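S.K.: Chain order of the listed sequences is A and B.
Per the numbering used here, the very first residue in the first sequence carries number 6; after that it's consecutive.
Per the numbering used here, the very first residue in the second sequence carries number 130; after that it's consecutive.
For the record, the hints were derived by calculation from the structure and aren't laboratory data.
A quick note: this is a predicted structure, and the numbers were derived from the prediction, not measured.
Take these hints with a grain of salt, some might be off.
Calculated lysine-lysine pairs in the BS3-like style (CA-CA distance at most 25 Å, straight line) [what the hints assert, rightly or not]:
no.: 1; chain 1: A; residue 1: 170; chain 2: A; residue 2: 183
no.: 2; chain 1: B; residue 1: 159; chain 2: B; residue 2: 139
no.: 3; chain 1: B; residue 1: 360; chain 2: B; residue 2: 347
no.: 4; chain 1: B; residue 1: 159; chain 2: A; residue 2: 38
no.: 5; chain 1: B; residue 1: 277; chain 2: B; residue 2: 139
no.: 6; chain 1: A; residue 1: 38; chain 2: B; residue 2: 257
no.: 7; chain 1: A; residue 1: 87; chain 2: B; residue 2: 257
no.: 8; chain 1: B; residue 1: 350; chain 2: B; residue 2: 360
no.: 9; chain 1: B; residue 1: 159; chain 2: B; residue 2: 277
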Amino acid sequence: MSDEFKTAHLESDSRFSYTITETGENGVLIRFKGVLDNHTAGDLLDSISSEISGRSPRTAAVDLSEVTYMDDYGAAAVHHIKRITGTVGDTFQIREPYPENGRELLDDPVFDGKQPELLEKKRRLGPLITRLGETTIEETKHLGFLLVFIGSVVMAFVKIGANPKKLRIGDTIDHMEKTGVAALPIIALISFLLGSIMAFMAAIQFRQFGAGLYVASLVGFAMVSELGPIMTAIVVSGRSGSAYAAEIGTMKIYEEIDALTTMGFDPTLFLAAPRLIAAFIVVPILTLFSNLFAIFGGLMVGVLMLDLSAVTYIRETVEVLSLKEMAWGTGKSAVFAVLIALIGCLQGFRASGGAAAVGNAATSAVVRSIFFIILFDSLFAVIRSL
Amino acid sequence: MELLTAIEVKNLSAGYGDSMILENVGFYVKPHEIFIILGGSGCGKSTLLRHMIGLEKPISGSILVDGTDIITCADMDFCSVRRKIGVLFQSGALMGSMTVGENVALPITEYSGLPAEAVKDIVKIKLKTVGLGDYEDHFPSEISGGMKKRAGLARAMALNPKFLFLDEPSAGLDPITSAEIDDLIISINETAGATVVIVTHELASIFRLAHRVIMLDKEAKGVIAEGRPQKLMNESDNPKVKRFFNPNPEKANKSNGV
Numbered sequence: 006m007s008d009e010f011k012t013a014h015l016e017s018d019s020r021f022s023y024t025i026t027e028t029g030e031n032g033v034l035i036r037f038k039g040v041l042d043n044h045t046a047g048d049l050l051d052s053i054s055s056e057i058s059g060r061s062p063r064t065a066a067v068d069l070s071e072v073t074y075m076d077d078y079g080a081a082a083v084h085h086i087k088r089i090t091g092t093v094g095d096t097f098q099i100r101e102p103y104p105e106n107g108r109e110l111l112d113d114p115v116f117d118g119k120q121p122e123l124l125e126k127k128r129r130l131g132p133l134i135t136r137l138g139e140t141t142i143e144e145t146k147h148l149g150f151l152l153v154f155i156g157s158v159v160m161a162f163v164k165i166g167a168n169p170k171k172l173r174i175g176d177t178i179d180h181m182e183k184t185g186v187a188a189l190p191i192i193a194l195i196s197f198l199l200g201s202i203m204a205f206m207a208a209i210q211f212r213q214f215g216a217g218l219y220v221a222s223l224v225g226f227a228m229v230s231e232l233g234p235i236m237t238a239i240v241v242s243g244r245s246g247s248a249y250a251a252e253i254g255t256m257k258i259y260e261e262i263d264a265l266t267t268m269g270f271d272p273t274l275f276l277a278a279p280r281l282i283a284a285f286i287v288v289p290i291l292t293l294f295s296n297l298f299a300i301f302g303g304l305m306v307g308v309l310m311l312d313l314s315a316v317t318y319i320r321e322t323v324e325v326l327s328l329k330e331m332a333w334g335t336g337k338s339a340v341f342a343v344l345i346a347l348i349g350c351l352q353g354f355r356a357s358g359g360a361a362a363v364g365n366a367a368t369s370a371v372v373r374s375i376f377f378i379i380l381f382d383s384l385f386a387v388i389r390s391l
Numbered sequence: 130m131e132l133l134t135a136i137e138v139k140n141l142s143a144g145y146g147d148s149m150i151l152e153n154v155g156f157y158v159k160p161h162e163i164f165i166i167l168g169g170s171g172c173g174k175s176t177l178l179r180h181m182i183g184l185e186k187p188i189s190g191s192i193l194v195d196g197t198d199i200i201t202c203a204d205m206d207f208c209s210v211r212r213k214i215g216v217l218f219q220s221g222a223l224m225g226s227m228t229v230g231e232n233v234a235l236p237i238t239e240y241s242g243l244p245a246e247a248v249k250d251i252v253k254i255k256l257k258t259v260g261l262g263d264y265e266d267h268f269p270s271e272i273s274g275g276m277k278k279r280a281g282l283a284r285a286m287a288l289n290p291k292f293l294f295l296d297e298p299s300a301g302l303d304p305i306t307s308a309e310i311d312d313l314i315i316s317i318n319e320t321a322g323a324t325v326v327i328v329t330h331e332l333a334s335i336f337r338l339a340h341r342v343i344m345l346d347k348e349a350k351g352v353i354a355e356g357r358p359q360k361l362m363n364e365s366d367n368p369k370v371k372r373f374f375n376p377n378p379e380k381a382n383k384s385n386g387v
């Protein structure tokens with residue numbers, strides 16, 4: 006009698022069972038019975054590996070003579086026993102006779118190959134230095150692409166200058182609506198709240214000195230020269246910059262941009278120019294609305310908290326705002342608009358690959374445009390102080 | 130116990146919004162057969178297929194797959210039916226962010242409970258079956274259209290499904306690749322005994338593959354012919370069926386002396 010130590014019946018599937026027998030000097034024989042297919046293979050391996058773990062048999066043999074049906078999952082499970090038991094080469098043996106349809110499955114050359122490395126991704130995860138180098142090369146290429154793109158934008162505007170009919174007016178108006186009109190409610194709400202928060206914080210401080218009236222100047226000045234343009238630009242880059250990148254990126258992936266090129270359209274003129282012009286027109290207008298709503302928010306706080314009259318508040322605000330100040334703020338926001346549209350379109354045109362590329366394009370459009378908005382704002386501050 | 134019909138569609142009416150595409154459609158698919166749904170563009174072939182795999186809810190009617198009504202059954206049952214179904218979408222529908230191998234491994238890892246190395250072995254077997262053994266580590270964007278179809282087929286076959294649904298498996302491929310895919314379908318049907326439902330309008334594939342076909346029509350909003358393709362071509366009286374199998378009306382008329 007062989008020293009049989011355990012018989013496991015897999016509860017999940019009664020069509021299948023196995024026995025493990027110890028043989029000779031530290032060897033195991035695994036006898037399978039029943040159906041060995043994609044439904045049973047997973048449970049089988051779980052159960053066998055938990056029984057064998059801790060023992061390291063010198064030899065392993067598999068007996069399949071009572072297997073009624075097997076498929077490629079069964080074959081993979083049988084060969085996986087090599088890995089579980091740590092037996093290689095001659096120490097692992099599949100005993101004759103094979104199941105009816107099993108020979109071809111079990112002798113598949115896939116199982117002869119060396120052990121597959123677990124989900125290796127050498128192309129994705131190289132050493133740090135390689136990756137650093139790759140990123141540098143990638144960014145250098147990006148710089149080249151950026152120059153080409155800016156050149157093509159300039160060319161597009163030259164063409165529009167020569168023949169204004171080349172601009173797709175319908176698309177431009179459409180984008181003005183999407184970028185501008187549709188953004189107005191959110192800009193208004195955020196600005197109103199921002200204005201009231203600013204006024205509220207300022208009121209707490211200024212009241213101590215009886216200088217409550219200066220809340221109006223603070224809110225008006227800060228909004229018009231700095232916060233209005235920046236905040237509007239950030240909201241627009243999140244709403245529309247990402248949309249530009251995603252839209253153009255998707256068109257790129259589905260070869261729509263190639264189709265435009267072959268039909269003789271200039272993709273920059275066709276896609277980027279309307280967006281650029283739309284953003285250039287509506288973002289400064291949005292900024293003006295933003296200022297207006299913030300001042301209104303400040304006014305609410307001034308009237309309710311500081312007992313100022315609305316007329317006094319407005320008079321104080323008007324006093325601090327010069328036309329030059331307004332023009333400076335609005336001009337900045339026009340520059341921000343161009344940055345947002347340029348970066349959004351550029352990231353879209355750069356997209357290649359699949360769905361993930363579109364997501365990346367949208368993300369990097371937002372991140373890059375916010376970075377450049379802040380960078381340019383700092384530059385403006387320096388220029389102004391000169 | 131084996132059922133006499135593998136798939137049964139009863140009184141199916143389907144459409145999107147107000148437009149009705151299929152009205153009162155009924156037919157059945159026998160176990161282990163290659164069944165082709167054919168018809169001109171816009172006749173509702175793909176709509177019918179989407180209903181058969183449970184992606185769309187019909188306006189009325191029932192669809193039994195392996196004895197389970199996939200419309201009314203509870204989520205649990207639907208999951209167990211799902212495991213028996215493999216679907217190849219028109220464009221392959223591979224996940225672009227994963228390699229070909231990872232795409233095929235996706236259902237295997239989820240459902241088989243096998244350890245990663247064994248999953249990897251099965252992925253290799255499946256990819257070898259469709260002739261993509263060397264492309265495991267490629268991304269879908271790096272392989273050709275025919276390869277994407279084959280990789281999609283490998284993913285559809287990953288769990289050795291009882292039912293394979295193929296949406297235009299050879300559309301847009303060269304005749305040689307398309308014939309290779311046809312061979313592949315025949316061998317899957319013969320070796321694994323899978324019931325195969327194909328939507329196509331490629332005549333060559335229809336004659337090579339089909340055990341039985343149904344033909345849908347846009348105006349009739351349903352099935353206008355059913356049977357073996359050879360028989361339909363030679364014996365059908367329906368002018369639409371005739372024209373489908375002999376799609377050059379002017380020539381046909383001329384040779385008839387009209």
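S.K.: Give a verdict on every hint.
M.R.: Hints versus structure:
1. A:170 x A:183: holds, 22 Å
2. B:159 x B:139: Distance ~15 Å between residue 159 (chain B) and residue 139 (chain B) Cα, so the pair holds.
3. B:360 x B:347: holds, 22 Å
4. B:159 x A:38: violated, 31 Å
5. B:277 x B:139: violated, 34 Å
6. A:38 x B:257: Measuring from Cα to Cα gives roughly 28 Å; hence the hint is violated.
7. A:87 x B:257: The hint holds at about 22 Å.
8. B:350 x B:360: Given that 25 Å is the threshold and the Cα spacing comes to 23 Å, the pair holds.
9. B:159 x B:277: With Cα atoms ~29 Å apart, residue 159 (chain B) and residue 277 (chain B) exceed 25 Å; violated.
Hint check: violations occur at hints 4, 5, 6 and 9; the rest are consistent with the structure.
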